[in-house]
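Novice: Take a look at the letters that make up each chain.
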Amino acid sequence: MTNFRLALRNLLGAGMKTWLNVIVLSMSFVIIIFYNGMMDGWNQQARTENIAWEMGGGQLWHNEYDPYDLFTLNDAHAAIPAGMDQAQTVPQLIIQASVYPQGRMLNVLLKGIPADQQVLALPTAELKNEGGASQAIIGKRMAENAKLAEGDQVLIRWRDKNGTFDAKQITIAHVFDTDNPAVDQGQIWMDFAELEKMTGLENEATLITLAEGYEVPEDENFVHKGLGVLMKDMDDIIASKKGSMGIVYVMLMGIALLAIFDTQVLSIFRRQKEIGTYIALGMTRSRVVGLFTIEGGAVSLLAAGVGALYGIPLFAYLASNGIDIPTASAEGAGITMASKIYPVYGFGLVIGTTLLVVIAATIVSYMPARKIARLKPTEALKGKLQ
Amino acid sequence: MEQSNIISLRHLTKKFPVGDGHFTALKDINLEFGKGEFAGLVGPSGSGKTTMLNIIGSLDSPSEGDAIVMGKSISALSHKEAARLRNEHIGFIFQEYNLLPVYSVYENVEFALMLLKMNESARKKAVMEALEWVGLTDKMKSKPSQLSGGQSQRVAIARAIVKRPAIVLADEPSANLDAENSHNILRTMKQLNQELQTTFIFSTHDEKVMQYLDRKISLLDGRVDKDELISHEVETSS
Chain W
28 MTNFRLALRN LLGAGMKTWL NVIVLSMSFV IIIFYNGMMD GWNQQARTEN IAWEMGGGQL
88 WHNEYDPYDL FTLNDAHAAI PAGMDQAQTV PQLIIQASVY PQGRMLNVLL KGIPADQQVL
148 ALPTAELKNE GGASQAIIGK RMAENAKLAE GDQVLIRWRD KNGTFDAKQI TIAHVFDTDN
208 PAVDQGQIWM DFAELEKMTG LENEATLITL AEGYEVPEDE NFVHKGLGVL MKDMDDIIAS
268 KKGSMGIVYV MLMGIALLAI FDTQVLSIFR RQKEIGTYIA LGMTRSRVVG LFTIEGGAVS
328 LLAAGVGALY GIPLFAYLAS NGIDIPTASA EGAGITMASK IYPVYGFGLV IGTTLLVVIA
388 ATIVSYMPAR KIARLKPTEA LKGKLQ
Chain A
5 MEQSNIISLR HLTKKFPVGD GHFTALKDIN LEFGKGEFAG LVGPSGSGKT TMLNIIGSLD
65 SPSEGDAIVM GKSISALSHK EAARLRNEHI GFIFQEYNLL PVYSVYENVE FALMLLKMNE
125 SARKKAVMEA LEWVGLTDKM KSKPSQLSGG QSQRVAIARA IVKRPAIVLA DEPSANLDAE
185 NSHNILRTMK QLNQELQTTF IFSTHDEKVM QYLDRKISLL DGRVDKDELI SHEVETSS
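Those protein sequence lines, which keep their order, are chains W and A. 28 is the number of the first residue of the first sequence in our numbering; add one for each residue after it. 5 is the number of the first residue of the second sequence in our numbering; add one for each residue after it.
In case anyone wonders, no lab produced these hints; they're calculated from the structure. Treat the hints with caution; some may be incorrect.
[Unchecked claim] Only part of the chain A face toward chain W is listed, based on derived beta-carbon distances under 10 Å:
#, residue
1, N58
2, D64
3, E68
4, I72
5, A87
6, L89
7, E100
8, V106
9, E111
10, K121
Glycine included, every Cβ here is placed at the ideal spot set by N, Cα and C.
Sequences and hints are given; from them, build the entire structure.
Specialist: Quick look at the structure:
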């Protein structure tokens, strides 16, 4: 207990020197937590967006369907299994097509989706055709690439079930904004019923997205893909990002600990006479080592407190208002990435990081402090380190 | 004055390694110090004064022979036991004061008592009493950097005597002080020696110190050259 009081007295007595150390270390705390919170938020957002816009609670894929092989699309469709709850399922028919905006030709995926579906976040209600021209919705990336805007008409050409080319004008009813490029780039969404008529593939689907928790009926033409399978690519990316996050985490932590280590080493050099005096006044060497270790640990505790003073309001603000990532937005990233990231500062992250830094700081404070145990008090009193 | 020996140096020899050989700082010293002595080790630099004080203070150990302090053999003490001996029985006064720079005067004096695990009210009483002895109650909140040399040495004296040790070891206590401050602190120490019966042992080559000593031990090249009792009256009131 005396050592704690003495350590606190030493730290407070050192004034500005202590507070500079505390502030620098508190910045390390805040940066480590900020960075990890941002990455966690990004990962969480990416997963949530992927599920909301594309994956739902899982999908049934036609046996032939391979999203990485467009040639499979010709045969990857079959009758929608009977007995499916329409409110819980979203059949999608996918075919290849070409559009001709401003005389240019663009190859696209033409996707049919029920306009009244409620499972995915896609704004399919915009597809409700009131008897006019065929309507389509596209994402903002597709709109930008094809130079299309709401209300524009564009010629589309496709093959029907017999392989016969057909073409018609469609109207862009709505341009939606999503952070998930997988439902945006190179894709045109039309009403499922309309695409059925255009292709002659009545009541057939390439894949069926399921609502969360919907039990899957077995069907010989379709294979069930759970979220674990569907999200594997994303989870792999997140896992690899977590690996690099870990490196940055270790680097940031290393910088913070190096600062503490240096401060301690410097302290032992600078405070030799003081150490000698402690010993002359009756402190055991182990107690002096303990005092220096506690001082190092206490700096990290003070840093945690100071970091909390400005970190908590900062994190609360960022968590509710998000962080704009304009240059690294999803425009060309190819993966789900929001233009605004809402960091997630979980209890585990904050407490875990704090504990880790405090424990590590105490250990690195102890390491140079052990040198004191080898100091001869007579030499220490003269200020000569051996 | 009837004295019981609290320090015995028996054939004390101290050697320090130098290159491939060694330097003998103390050679076969035999001395006794009694309770309440006011003794000085005098001699030129390198004569072994500080080394002897360090061994008596259990900061160093003999190479040969032994030093028995408060009934304990310094050679046989572990680090912990030596620390305990210093903590309970020995006060140090250093030439450069060695005050803890971040502590106030009060905290510097209190430090020794904190190691003794004395409770706060007893500590406060003892610290105030020690500061009164050295006349620094008005400076109790000052930091060492705000004190003069004389004041700093007075704080060091207060710190050394606050725990009422049996022995105070003072290494060149007046070396950094002017004549007036030297006399002041020596009078203070003499007074404490008489009031508390604390044994004071100085290392010095300062003539001003010598005139206060009751016993003068002259060292030369690590040997006791002369050991003489001095009978004189010194004005101890300031």
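Novice: Could you tell me which of the hints above the structure violates, numbers in ascending order?
Specialist: Failing hints, ascending: 3, 4.
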